[in-house]
Amino acid sequence: MESDDVRARLHDLERAEAAPYVDQRPSPRWFAPAFGLWFGVMAAVQDLHWSDEIDSTWRALVTVAIVIPMAALVGAYSAWHQRYHGALPRLVGPKPPEIRRVYRLYFLAFVVVAAALVGLALLVPWWVTGAVTAVVAWGFLAAYERIYERAAAAVRERLA
1 MESDDVRARL
11 HDLERAEAAP
21 YVDQRPSPRW
31 FAPAFGLWFG
41 VMAAVQDLHW
51 SDEIDSTWRA
61 LVTVAIVIPM
71 AALVGAYSAW
81 HQRYHGALPR
91 LVGPKPPEIR
101 RVYRLYFLAF
111 VVVAAALVGL
121 ALLVPWWVTG
131 AVTAVVAWGF
141 LAAYERIYER
151 AAAAVRERLA
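Mapping of the sequence shown onto the UniProt record's numbering: residues 1 to 160, in sequence order.
No lab work stands behind these hints: they were computed from the structure.
Be a bit skeptical, because a hint or two may be false.
Unchecked claim - Here are the computed distance ranges between Cβ atoms for each label pair:
| id | residue 1 | residue 2 | range |
| --- | --- | --- | --- |
| 1 | Arg90 | Ser3 | 16 to 24 Å |
| 2 | Val128 | Leu105 | 21 to 29 Å |
| 3 | Arg104 | Asp55 | 15 to 23 Å |
| 4 | Pro125 | His11 | 51 to 59 Å |
| 5 | Ile147 | Asp55 | 31 to 39 Å |
| 6 | Ala114 | Arg9 | 17 to 25 Å |
| 7 | Leu159 | Pro125 | 45 to 53 Å |
Ideal placement from N, C-alpha and C gives every residue a C-beta, glycine not left out.
Using the sequences and the hints given, assemble the complete structure.
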């Protein structure tokens, strides 16, 4: 009898530990395109900043004029995200094995995709870098969210 009680408590503890990873509301439809657009603009600005297409003073001014509002958008997004999702998952610490696999895949894919985009930026004009980065980031996030939701559903099913 006591062992059943201990098992039930451990199960409840595991479910509570997994909650921030599996009990999130889905992202709104606008989120992935906005994410892609943000990364596309940042990639284009960085590529423009290092190009020789315009005078260095103007490059610096354009960079600052775009990067500062983009940083403000990150702050606004962070505040919104916290309100929208509530408790956020942590990157470190215990997490369900299904989610751990998704995190590993994400970080590995991120490194590969980022390296490919940097290589592209070295070969094409800044505006191409921005457009390609926007589309790739949008698709990357959309794919990640689908994969993550499947993993979260597997955790919910296992802990039901």
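Against the structure, the hints:
1. A hinted range of 16 to 24 Å is violated for the C-beta pair Arg90 and Ser3, which are about 31 Å apart.
2. Judged by the Cβ atoms, the range 21 to 29 Å given for Val128 and Leu105 holds: they are separated by roughly 28 Å.
3. The hint said 15 to 23 Å for the Cβ distance between Arg104 and Asp55, and at roughly 45 Å that hint is violated.
4. The given range of 51 to 59 Å is respected by Pro125 and His11, whose C-beta atoms sit roughly 57 Å from each other.
5. The beta-carbon spacing between Ile147 and Asp55, approximately 45 Å, falls outside the hinted interval of 31 to 39 Å.
6. Separated by about 43 Å at the C-beta atoms, Ala114 and Arg9 break the suggested range of 17 to 25 Å.
7. In this structure the supplied range 45 to 53 Å holds for Leu159 paired with Pro125, their Cβ-Cβ distance being about 50 Å.
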